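K.L.:
Below are the chains, spelled out letter by letter.
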Amino acid sequence: MGKAEEITAYIPRLRRYARALTGNRDAADDLVQDTLERAWSRFHLWRHGSNLRAWLFTIMHNLFINDTRTRNRESGFAPEEEAFALPVSPAHDALVELRELDAALRQLPDEQREVVLLVGLEQMSYGDAARVLGIPPGTVMSRLSRGRERLRNLMYGKASVSQLKVVK
Amino acid sequence: MTEPQKGPIPEADLHAYVDGFLPEARRVEVEHHLAANPHEAERVRTYLKLNEALHTVFDPVLDEPGPRQTRILERGRARTAVRYAAVIAGLIASGVIGWVARGLDINTASQDEDFVRRAAMAHTVYTPEVRHPVEVGADQEQHLVNWLSKRLGSELRVPHLSQLGYDLVGGRLLPGEQGPVAQFMYQDGKGQRLTLYLRTSGETNEETSFRYDRQGKVGVFFWIDGPLGYALTGELSKPDLLRVAKAIYQQLNP
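First to last, the protein sequences are chains S and A.
Start counting the first sequence at 1; every next residue gets the next number (our numbering).
Start counting the second sequence at 1; every next residue gets the next number (our numbering).
None of these hints come from the bench; they were simulated from the model.
The structure displayed is predicted, hence computed values, not measured ones.
Be aware that one or more of the hints could be misleading.
[Unchecked claim] Output of the computed footprint for chain S on chain A, the stretches with three or more beta carbons under 8 Å from beta carbons of chain S:
#	stretch
1	41-48
2	54-62
3	119-129
[Said to hold, decoys possible] Counterexamples of contact, computed for chain S against chain A with all Cβ distances above 10 Å:
#	residue
4	16
5	47
6	49
7	50
8	52
9	58
10	59
11	61
12	65
13	101
14	106
15	107
16	111
17	120
18	130
19	131
Ideal placement from N, C-alpha and C gives every residue a C-beta, glycine not left out.
Start from the sequences, fold in the hints, and give me the full structure.
P.N.:
What follows is the structure, encoded as structure tokens:
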């Protein structure tokens, strides 16, 4: 497989992760573009045969964290109405689940959301997730545990997400 | 992690169970444990459900058409001033190094490799684009040529490939390793797209033969002709691509 193709093969997965991470279509597109641009310009730094997926997600993680820091200094961006439009019209249940899950994900601290998504959505090993996030594997486990527990309470616990949203 | 059965199961193993990372023997142990502990079992079921929900909600993104890639360029331009400063510094440095390395033929191979890789990447990124495959369309060909010539600092000409069945779609400016590069895109009646990637080569009298490289599904013919380096990229067989490359070369060297 050619080098260019190796990177582009990961674009759909980078986009999926970015969308879940940011909850916003435009922010996700920007994040993916920045990631590709940086990966492209630094491809010579990637050692052939090493884990390309981890490398790409590491770039995305670093950009996301930097961007979040900048944005936190400015204020939050308002999620767009179209941000979560699905390409196909989903069944009603899926739509409800979509809104609930997205709302719940937004309630997680970034660091927990990243772990929950890298492991649960991207199905990355704990070791790879640790490498991507630059944290010890033990920290991956504790963030995963706290993140999942929090999502469980938000989604299936007594407190409904929409109530929590009002409080926020 | 592998203490034999009974006893409490560590939190880490419950998650590894959810994520399917446990070896078979351990998985069975965890299942036994869960069968005897309905509360934990309920929690684990919810975690499994969460993973599933994540896929239900976000997997459709995998099949969406490509991102709106035009923005990369807009933002690229905003940063151009900074880039040029770096490029100028780089040119001064590489000019010195290049002069020293001349005759030793150092760097040439990796430069070619980089050129081909970038051409293939630009091809792969922009040819699937439906709404914005190019920045300036073929309907403004003169403007396109003037604009790109100015930005690359070298007089460009757009080859016409209609007799081979390929019409010009347009072109765009891209950031390259050593300053801006141009990409022209062509399309045949079936929607098959070719791209011609051009950079200024630095040398003014150099000329090389056609060389070929394959990057996955994509074939690339590349050559240097005077002040410009060319890379023709497409998902064609090698002979078909060569035919187009030759036509381009002949048009530019009548």
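K.L.:
None of the hints should be skipped; say for each whether it holds.
P.N.:
Tested hints:
1. 41-48: Since 3 is at least three, the answer is holds.
2. 54-62: holds (count 9)
3. 119-129: Holds: 5 residues of the stretch 119-129 of chain A have a Cβ under 8 Å from chain S.
4. 16: It is violated; residue 16(S) is separated from chain A by about 4 Å at its closest Cβ, not greater than 10 Å.
5. 47: Residue 47(S) is indeed farther than 10 Å from all Cβ atoms of chain A, at 15 Å.
6. 49: Non-interface label stands for residue 49(S): nearest chain A Cβ at 16 Å, farther than 10 Å.
7. 50: 17 Å, holds
8. 52: At about 13 Å from chain A, residue 52(S) clears the 10 Å cut-off, so the statement holds.
9. 58: Label holds. Min Cβ-Cβ 19 Å, cutoff 10 Å.
10. 59: 15 Å, holds
11. 61: 17 Å, holds
12. 65: At roughly 19 Å from the nearest Cβ of chain A, residue 65(S) sits farther out than 10 Å, so the non-interface label holds.
13. 101: The claim is violated: residue 101(S) sits with its nearest Cβ about 5 Å from chain A, within 10 Å.
14. 106: About 13 Å separates residue 106(S) from the closest Cβ of chain A, which puts it past 10 Å; holds.
15. 107: Correct as stated: the minimum Cβ-Cβ distance to chain A is 13 Å, above 10 Å.
16. 111: Check passes; 16 Å lies beyond 10 Å.
17. 120: Violated, since 4 Å does not exceed 10 Å.
18. 130: 13 Å, holds
19. 131: For residue 131(S), whose nearest Cβ neighbour in chain A is about 16 Å away, the distance exceeds 10 Å, so it holds.
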